[in-house]
Structures are given as structure tokens and as C-alpha cells.
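Sequences are here, hints too, so could you generate the full structure?
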Amino acid sequence: MPLAKANVAGEYRELERKALLIRQHVIRMLMSAGSGHPGGSLSAVDLLTALYFRVMRVDPENPADPDRDRFILSKGHAAPALYAVLAERGFFPVSWLEGLRRLGSPLQGHPDMRKVPGVEMSTGSLGQGLSVGVGMALAAKLQGSGCRVFVLLGDGECQEGQVWEAAMAAGHYRLNNLMAIVDRNRLQIDGETEKVMALEPMADKWRAFNWSVIEINGHRFEEIVPVLERVGYAQKPTAVIAHTVKGKGVSFMEGQVDWHGVAPKPEQGLQALKELGGR
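Oh and the sequence shown: position 162 is 162 in the working numbering, straight run, nothing missing.
Straight-line C-alpha distance at most 27 Å; calculated BS3-like pairs for lysine-lysine: (1) Lys-205 x Lys-141; (2) Lys-236 x Lys-141; (3) Lys-205 x Lys-195; (4) Lys-236 x Lys-205.
Rather than coming from a laboratory, the hints here were simulated on the basis of the structure.
Here you go:
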């Protein structure tokens, strides 16, 4: 195997190990808090891991760098995954994770940009994140900044009308420094997305708003990394439809809508950690 390919394969294996650790953190946090959203947190872990440990230009020592890349977790209920990634990336101590959802803790049920280092936008009211991302991307263009903006949306969230208003604006202004990533796990709190409010043909919808569209397996770093690194190459914004599994990594959670917003009980959490190779 050529050295270059060997190095890339090694980097992907390291990302896989990091993602496994992130999933362990998520389970421990939810067990400790007794509440939270495991399904959508676990489905987004690989995407977040690729962004923060390979793709994005961020510096935990200088989180306010004006030329940093920006990330917005529009599906704010997946905060446990973002917190775990930020802690492992060095934005704050890993020990903070134990305080998820506790009174006085900065790690609330949804991200708060005023309290958590590395959080660019307070989110949780679904549908708003892409609008903020459009504003950030447009501001970067006007200021001549090379920063890139990444927004992670839930697929059920794409039933919100504001998402498509933002998509229309991004396409109109040809914001090629903007990437929307859809966590397409096909489940939302009320059931299957296609039964609640059908989203297909999703790719065609984004194309209709003048976006470049790429579909990937959202759990394979071999597909994730090269695509996320392509932001800016097209002359229009890019939408990545990442096909994922809700509850990824824990057998009894995978593909089960009941795990959208229910924390595991102690015995369930221990079983999940065992499957994830943690203590």
C-alpha cells in the first residue's frame, strides 16, 4: 500500500477510535443526567468527529479567532454529542461532562453560546440554525474572510419552513463557503419522517434552491472527510445528505424511535458502554 494511502487509512482509524470515545461520553452523560437525547446524538457523532478533528480550522486556545471556521448545531437537542466533542478537542475540561443538565452547569440541555466555549450559536428551537449560518457565511464574504460555515440539521427539522427560506437565500447569494449537513436518520420524535411529513425527494429539493448536493454514508469516514473538505469548491452552497442510523453504536437503540429523547436506565447504560468498549 502506498504511504499516502496508508497515512489516510491510519487517520480514519484514529477518527473511528475518537468517535467511539465520544459515544461513550454521550452514554455516561445521559446516565448521569437521567434525561436527554441519545438517538440523534449518537447518529451525529461521526460527522462531528470528522469536523472537529480533521476538517474545521478551530483553535481551542483562541476560540474567538475571527478567521476560524464556524459550526452550528441546528438540531440543538443533540448537544451531548457536541459537548463531548468540544471537551475532547480541548475547549473545556472533560470533567464538565458530568454536569450535563444539572443546575448551575454550563452544559444545558441545549447549547448556550454565552456559557460554553466553542459553541457558536444557542440552538434548540428547530429550524433556525441554517438562517444563522447564512448570515455568518454572508458576513464572511462581505468581510473578505476565508472562514467556512458548517450547519448540522436534523432531517425532521427540515420540515420547518424557515429552513427553506434560508436555503433560498443561500442559493441566491451563491454562498459557497456554506455547507448544510443533514443527519438523515429517517426518525423524529413522532416516528418515521416519511410518515410524519415526507421529505423525499430531499436531494432534488436542495438542488431546486441552487445548492450542490452530495449523498454519503454518515458513519464512514472514508466518505465523510473528503466530502466535508470540499466546501468552497463549488460556486454555490453545498448540502450533504448524510445517511445515518439513529442510536448508532448501541444495538438496542439503533433505528428505534423510542430512544429519541429517553435516557438509558443504569442497566441499559452499562450494556451500552459494554458494547462501545467502555467501562
